[in-house]
Every structure is written in structure tokens, then in C-alpha cells.
Amino acid sequence: MDDFLFLVPVALLLGLAGLGAFMWALGNGQYDDLNGAAERILLDDKDTPL
Amino acid sequence: MPFAPVIVSKGALEKPMTCCTSAGGIALTVATDINRDGEILLASRLVGDGVRQTDLSVPSIHCGACIRNVETALAALPGVEAARVNLSTKRATIRWHDGAPPPFIETLRRAGYDAHIYDAGAEVKDTAFNELIRALAVAGFAASNIMLLSVSVWSGADNATRDLFHGISAAIALPTLAYSGRMFFRSAWRALRHGRTNMDVPISIGVLLAFGMSLYETATHGAHAYFDASVTLLFFLLIGRTLDHLMREKARTAVKGLANLAARGALVLQPDGDRVYMSINEITAGMTILLAAGERVPVDAQVIAGHSDIDSALLSGESAPVAAAPGTYLQAGVLNLTEPLTLKATAAAKDSTLADMVRLMEAAETGRSAYRRIADRASRLYAPVVHATAFLTFIGWMIATGDIHRAVTIAIAVLIITCPCALGLAVPMVQVMAARRLFENGILLKDGGALERLAEIDAIVFDKTGTLTSGMPRLIDPAAIAPGALKIATAIAVHSRHPYSRAIAAACLANPTPLEPDAVTEHPGCGLDARIGPHTYRLGRANWALSDSATDDTGLVLSKDGAPLACFRFEDRLRSGTHDALKALKRDFEIEILSGDHDAVVGRIAGELDLRYSAGMLPAGKVERIRDIESHGHHVLMVGDGLNDASALAAAHASMAPATAADIGRNAADLVFLHESLDAVPQAIGLAREAAKLVRQNLVLAVGYNIIAVPVAIMGHVTPLIAAIAMSSSSIVVIANALRLGGRRRVGKSAATSASHVSLDIMEHA
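Going line by line, the protein sequences match chains S and D.
The opening residue of the first sequence carries number 1 in our numbering; numbering runs sequentially from there.
The opening residue of the second sequence carries number 1001 in our numbering; numbering runs sequentially from there.
To give an idea of the interface, some chain D residues facing chain S are shown, with a C-beta separation under 7 Å as derived from the structure:
1. Arg1068
2. Leu1087
3. Ala1137
These aren't lab readings, by the way, just hints derived from the structure by calculation.
Built from N, CA and C at the ideal position, the CB exists for glycine as well.
Hey, can you work out the whole structure from these sequences and the hints?
What follows is the structure, given as C-alpha cells:
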């Protein structure tokens, strides 16, 4: 029973961190151009998102 | 050692067009720089602090090298702050300092890419989709965590642990329901307030009751809580919603991205001699408009100076160009082919022919809105049946046991088990798969309802110009013309943009001519005049080119000093695959041609294809004819491209348009096909029927699951574990069944090839 007291919060917090990361990525426009991102890895000049 | 992709991209840099054979040469743009600047300024928007943003649609971007070429070319322009390419949407976003716009489009054309202005202002940002994705992510997180807790409860956690886990589940479920469930609740509330019911009503009631009962159970230390069921239900339903939305949105942006070819404005000559580029809505009757060759007439107008040829194929369906001279009235939307014209506007945009067409279309569309999608029809039956069952279960258990807690619990279990998550996935899942298959074949689907309607049709009506035919004339039998004469004709014809000249030039592409005529002049409405050595050659209408002509033939004549050398005849070329497609369609459907063109032209094509036809139809006439066919109990598919077809497209049960169609036509049609071939029509119908079959199967599966599960629930044997298993398995069966549509034989054309076809098609048309 004692183990739950920190295992469950840890599991939930990790899940929440993942959810938060996804929400950030979505709002930041990381999913706007998936094909472009795949190609840009081959271009080696400095590259800042607009 | 550098690895392979780097070498490829370097090679591509030296020769910018290695991987993307440029379509740039085909586009013919003669709009003046002033026009272009005005148009860019009009379509750009201020993004703060003297910086403007312009979006360009660049359909020929294909790879990493293209990204680099486009971005470096644009960033090198003076005044450009930043340029960024989006490869997925094939768009370039440019930020530049306020002032005169840098020559974006010319720069890109020189780099080998054709660009069109993309009006980002007209596009409402798709917040609904982001909202759905966020709701889905939250529901997914909550469902997985609550399910983990539930598993340990089902495996026999002791009472204190169970209560703790129920408490944690409640704490996760409450915000999730509030966040992810709000769109269902909102829609259900709206429906209830108007005295209607939709699929969201049983969903909302089921989810809320399950949550409420579980909360009560948790508070009273009960054994069964349905938090997992209520959240998982939301998760599954949101998947269905998101897929549905994704499909519609994708097709809509794709249709929009086909480059907006309609004029946004026109160059207006002010009384003081200034030339100002004004947006269409600002132009009023009486203004003087300067129209370059290759532009569309923005509003209804009368020619006051200049001679030119006018292509009104999109507006009237007439395939042959007509001459325009001072005094000629031109309708908004017709294309000026050869020479610049000065026009006097006779009506504002809202009173122009174009606006009339839109009104006619809107009127026609009201008929179709009566169609109810199969999911809506199912939910109409579903909700009352489910609620009645739950209510009767409650009454039955009350009478049998008199235990109100037990009766309520079982009634709610019935509601949970019947909650339509398989039903909610049954239709969108199939339609998403169908839309993907269609897209692979170069067909864009606007919404799922169109697919259902398409499966029902049993009669097809075709427009002629631009639909059955490609809308471009072709030289008949070039081999029969003396090679010398053809050579001279080609040398003269390459100097003109008239469709007939282009047809002659196209027929002779194989053997380029070294001949270079001097002083070629174009006489709009008549033909071309050229000097080669001491002789005067004329290529044009017989009564103009020949010194003594009795005939007034429709063909073209090449004359040398007034004496005939050769005669050219043209036909509107049938789209490739038309014969095969129609042969396949004729077996199952009543087919008819409705065209605005002259009787003789339509008759010849109809004879060749062995179809019934009506010629000289006005837009209202086409609508009338479609209504007539539908009143005999048929469902009509309209295939057309012109402005004159737009109202018919909207009136028909289902409609298709080629990518080359007028904007209005494309917007009115349910499906847009990108390839040249008419094969798209039988393909789309075939797929729609296949999809309709799968939808029916899925509905049967979903209902079949209820037939098994509901008696179990009514008997009171449902536990949260059984509910979770039953719900998930039924959803998975439905999804798996829908996936079969994507798995079957695939016609191997990738999205990339279809995209390049679009750009080519458009440019040929432009």
C-alpha cells in the first residue's frame, strides 16, 4: 500500500509530462510541416522557424 | 565521406531543376508588374511593426533542394526579412518590410518555380481541428491511466486500495470530461434546446450518468465504478470525430490550394490619368479598366478601345473564341486572350453575371441540403430506442426488486453498453479510408456525405467543354497538310497565344522550324500577318486571309499573298480515357450531355460517343433538366467545370469537377479530380459503392454487438470489466472492417505525382 503512494503519483506525473510536451509541440507548430522537416535535415545551413 | 543524400542535394543546387522538371515555361503570364504589385499588396497582411506577410502557393516544390532554392532565392531579395517553405502544403511564407513588394513571383519563376498568390486572409484558421486533437490527447491520457488503475481493481485490490484508486480515477475523469467532453455536451444541449435529438444526446447522457453513478459508488465505498468506461467512450468517439474532420479539412484546403486563378482586382484608370490597382469589390459602374491579355474580365463591362479574342468557355460552354471590338459587352469571368483591352465597367461586382451565377447556385443547393447523412439517420432511430430500453429496464427492476439503487445501476449499465462508440466510428472510418484511396487516384473528396450520395446515383449528366473535352482545340489530321505549309504556319503561330495558334504550334512540336518570319502582327478576330522574304503570309479566317473568298468557313487558312496554301481544321480534343470511361459507365447509367455550346459541335461529340444531348443550354436550363430527371426518381451525378455548370453542380444529387474548373465550379462540386483522364468518374463511383457496402456492414456489426450486449446488461450481469471489453472490442472490429477498403489492390500513383498533375493542368489552363 505504501508503494502506491509514490508510484501512482510518479506514473501520473510522467504521463502528464508527456501530455504537456505534446500540447506544447502542437501549439508551437512542430506538426505543421512534417514532410519539410524530413527534408530539412539534409540542408546544413542555419535554419530558424518563421 | 559525404553520404548519398548530400551529394544529391548539391547536384540539385547547381542545376535547380534536376528533380523537379519545371512547369514554369508553360505558364503564360502577361499581367503587368503594376498589377502584380497591387495584387500582392492586397493579399498580404500586416504582422506588426512595418512587416508584411505574403503567402504564395508554389505547387512545384517537391524536395529538400526545392526548399533551399526557393528560400535562398526569396531571402536574397531586398526588403525580405525571412522566407520559409512549407513542403506539406507546398506554400511559401514571406515576411517583408512594408513598401513596394519585392518581385516574388518573377524571382521564383526565374528559379524555375511557378507561384500563385495564396490568400491567407480568406482562410479561417482551423481552430476546430486543433481543439479536437487536444481533446483527443487529454482523453487518451486519461483513458490509459484510468484503465491502468481499473485493471488493478479488477484483479482484486483490497477495499482500501480500491477506494483510493476510484478516488484517483474520479480526479482524472472529472477534468477530462469537462475538457474533452465539452464539444459533445455543447452539441447535445444545442439539439435539445431546439427540441431535436442527435447522436450527441445519448452520448452525453451515457457519459454523464456513468460518471455520476461512479462518483456516488466511490463516495459510498461501492465495488463498481465506471470511470474507465466513460472516459474510454469519449476517447473512441473523439477518434471518429477527428478522422471525420481531418478528411473534410484536407480536401477543402487541397481544393483551395489549387491556386486561386480568379482575378482579385483590376487596374483602374483614374480620371487624372493615374493607374490604381483596385480590389474587385471597389470597382463601380463607369470606371475605366485596363485589361491585359491573359486576364479575366473582373466585372461586366463594355469594350471602349482595343481588339482582342475572348474565351468564354468557362462562362457559356462555347468552345470557339469570339472576337471583341469597341462596343462589345463582356461578361465578368471571360478570359481576354490576345491583346490588351480598355473596358468601361457596366456593373459592380455584386451585380455582375458572376454574382448571378452564385445566387442561382445557392438557390439550387437548398434542394440538396434535404439529404441526411446515414449516421444522422441512424442516430435518429438510435437515441429513442436506447433511452426507451434503459427506462424500461429501470421500471422492470423496480417492479421485480423494489431496490432503487440496483435498478438505477442496471439502467445506467444499459446506457453505457449501448453508447454508440462503434456506431460513431463505423461511418467516418470507412469514409476516411475511401478518401485516401480516392486521393491516391487523384480525386479529392469534399465530405463524407458526398460519398454516400455518389453511391446512390443512377444517371450521369456531363458538360461538354472542359469536361468531356479538354477545352483546348487540336489540329485535325496534321499529316494531311503539306509539310512546307505546316512549317510556315507553325513559324507564324508561335507568335500568338490564340488557342488555334497554340494548337498548330503543338501539332508541330516534333520538328522545330528554322524559319523566322519578320514582322508578325496579330489582327484580333482575324488572324496573323507575317512577312517572309518578299511574300506576305496570312494565317487566319478565310474571308480575311484570302483576297477572293466566297466561303465563310470556321477553319483557319494559310495564304501567300492572298492565295490559299493550306487549310486547318480544329476540334475540341476529347479528354484521354473518355471513350473507355463512358463505355464502362454506359452499362449501368443513363448518360446525357448538357452543353452551352452550339448544336453542331455538341452533336458531333455526342454522335462520336453515342450519347443523348441538349445543346445551347443556359445555366437555369441545366438545373431545370436535372430537376426533371430527378423528378422521375433518378439520382443524378453532374460532371462539369464551367461557371455555367455551377448551379447544376449544386442542384444534382452528387457532382464532380475537373481541377481545371472555374473556382465556383470547384467549390460547388463534391469531388474534384486532378488527372486529365475521365476514368476518375467510374473509379469514384466504384469506390463510393464499395464504401457504402462497408458502411452497411459496419452498421450491422455495431447493431449486432448491441443485440448481444444489451440483454446481458438488462439482466444485470454487466460489470465495469465487461463493459470495457465489449466496448473496445466492438470498436476494433468496426475499425478493422473499415481498413479492408485501404488494403485492397492499390492503383499505384503517389500523391506527389497527382500534385504535379494539378500544377500542370492548371498552368495549361491559365
